[in-house]
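J.: These are the residues of each chain, in order.
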Amino acid sequence: DGGITQSPKYLFRKEGQNVTLSCEQNLNHDAMYWYRQDPGQGLRLIYYSQIVNDFQKGDIAEGYSVSREKKESFPLTVTSAQKNPTAFYLCASSIGLAGNIQYFGAGTRLSVL
Amino acid sequence: AQSVTQPDIHITVSEGASLELRCNYSYGATPYLFWYVQSPGQGLQLLLKYFSGDTLVQGIKGFEAEFKRSQSSFNLRKPSVHWSDAAEYFCAATIMEYGNKLVFGAGTILRVKS
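As you go down the protein sequences, you meet chains G and A in turn.
Numbering-wise, this note's numbering comes out as the position in the first sequence, counting from 1, plus 460.
Numbering-wise, this note's numbering comes out as the position in the second sequence, counting from 1, plus 1040.
Since the hints were derived computationally from the structure, they do not count as laboratory data.
Heads up, the beta-carbon is just placed ideally off N, CA and C, and yes, glycines get one too.
Take these hints with a grain of salt, some might be off.
Unchecked claim - Some but not every residue of chain A turned toward chain G, in silico, with C-beta under 10 Å: (1) Cys1131; (2) Ala1132; (3) Thr1134; (4) Leu1142; (5) Phe1144.
Claimed, not checked - With a Cα cut of at most 30 Å, we get these calculated DSS-like pairs of lysine-lysine: (6) Lys530/G x Lys517/G; (7) Lys469/G x Lys1108/A; (8) Lys517/G x Lys469/G; (9) Lys531/G x Lys1141/A; (10) Lys1089/A x Lys1141/A; (11) Lys517/G x Lys1153/A; (12) Lys517/G x Lys1089/A; (13) Lys469/G x Lys531/G; (14) Lys517/G x Lys531/G; (15) Lys1089/A x Lys1153/A; (16) Lys1108/A x Lys1089/A; (17) Lys1141/A x Lys1108/A; (18) Lys474/G x Lys530/G; (19) Lys1101/A x Lys469/G; (20) Lys1089/A x Lys531/G; (21) Lys530/G x Lys469/G; (22) Lys1101/A x Lys1153/A; (23) Lys530/G x Lys543/G; (24) Lys474/G x Lys517/G; (25) Lys1101/A x Lys1141/A; (26) Lys1089/A x Lys1101/A; (27) Lys1101/A x Lys543/G; (28) Lys543/G x Lys474/G; (29) Lys543/G x Lys517/G; (30) Lys543/G x Lys469/G; (31) Lys530/G x Lys1141/A; (32) Lys1089/A x Lys469/G.
Said to hold, decoys possible - Covered stretches of chain G, going by a simulated chain A footprint (3 or more residues, C-beta under 8 Å): (33) 500-510; (34) 533-542.
So here's chain A without its partners, still in its complex pose:
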């Protein structure tokens, strides 16, 4: 079955430090991949997406993600974290054969220490 795994439930980083959030997928073919961010009690905002082409994808708020087919991964990175980045981050995937049914990871809660 198709699945998306985010191995880290919580991550704490110091303000100004670099960040990497992990995401692995299990699909028969390369899926479309997304990272969303959610502030408490709010909806989800798209950070970036990967459909094809360049494996390093730039998004909003200074985030980037790298698609690695050999590792079935799509990790999210940011060089320098700001206190306002504290939120929950979701990785999601879908493939054409399943329409646009997104499969989400369980999420990673990011805490930022000042």
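Just chain G, same shape as in the assembly:
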């Protein structure tokens, strides 16, 4: 089945630790996205990538980093610089840009120990 796989489903971070959230898609989509979801705030864009080896900051990129070495994979690292990382993180992909439908993974819930 084609889709987007996010792992792990739950993740815990200690103070000063970097953690990496995985996102893999087998839809052959060019574009991939990372969103952060907080209660009552909808989804906010962290980073997005249109093609391999290229990515752009979204609205709340500070404290996060990404890479896009393969078309299928777009991992997100939450660095120690992100002081309030507790949230639900959603990865999405689309065929391309300009109005194409974004398809979402099931999300990763990150909490701070």
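Given chain G's structure and the hints, the job is docking chain A onto it.
T.: Then chain A, alone, in the frame of chain G:
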């Protein structure tokens, strides 16, 4: 700045009653518009989309939405709600000039009374 507003944080309806969830957008041009649904702890599922043409759009699970340019609105409707429709609903928008960067509303939580 571009924005999407969902005025209702929570809505409670009785099973079998009709439903309307409101969405307003603020863009310089007509955006592409979407409604997504999210069950607790899950990802988002697309219900329907509006790109152009017929202003009444049919989606999955019996939902429809109407685009009204004069009111900058894209309200979601369902004639008869089922208990399984209880979830959070998000309206989203994007325009070509901004690639595919979706701007989401804050969401509306739907509760269904039996």
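J.: Per the CB criterion, is Thr1134/A less than 10 Å away from chain G?
T.: holds, 6 Å
J.: Given the proposed pairing of Lys1101/A with Lys1141/A, does the C-alpha separation stay at or below 30 Å?
T.: Given that 30 Å is the threshold and the Cα spacing comes to 26 Å, the pair holds.
J.: Given the hinted pair Lys469/G and Lys1108/A, is their Cα-Cα distance within 30 Å?
T.: It is violated: about 39 Å lies between the C-alpha atoms, which goes past 30 Å.
J.: Mind checking the CB of Phe1144/A against every CB in chain G and telling me if the closest is under 10 Å?
T.: Holds, because the Cβ-Cβ distance from Phe1144/A to chain G comes to roughly 4 Å (cut-off 10 Å).
J.: Holds or violated: Lys1141/A and Lys1108/A, Cα atoms, limit 30 Å.
T.: holds, 22 Å
J.: Taking only the CA atoms, is the gap from Lys531/G to Lys1141/A under or equal to 30 Å?
T.: Holds, at about 19 Å.
J.: Is the straight-line distance between the alpha-carbon of Lys1101/A and that of Lys1153/A 30 Å or less?
T.: holds, 19 Å
J.: So if I understand the rule, the pair passes when the alpha-carbon distance is 30 Å or less; does Lys1089/A with Lys1153/A pass?
T.: Satisfied, since the Cα-Cα distance of roughly 28 Å is no more than 30 Å.
J.: Between Lys530/G and Lys517/G, is the straight-line Cα distance small enough, at 30 Å or below?
T.: holds, 18 Å
J.: For the pair supplied as a hint, Lys1101/A and Lys543/G, is the alpha-carbon distance within the 30 Å limit?
T.: violated, 40 Å
J.: Is Lys1089/A close enough to Lys531/G, meaning Cα to Cα at most 30 Å?
T.: holds, 26 Å
J.: Just to be careful, I want the Cα atoms of Lys530/G and Lys1141/A compared with a cutoff of 30 Å; is the pair within it?
T.: holds, 21 Å
Checked against the numbered hints listed earlier, the structure breaks hints 7, 11, 27, 34; every other hint is satisfied.
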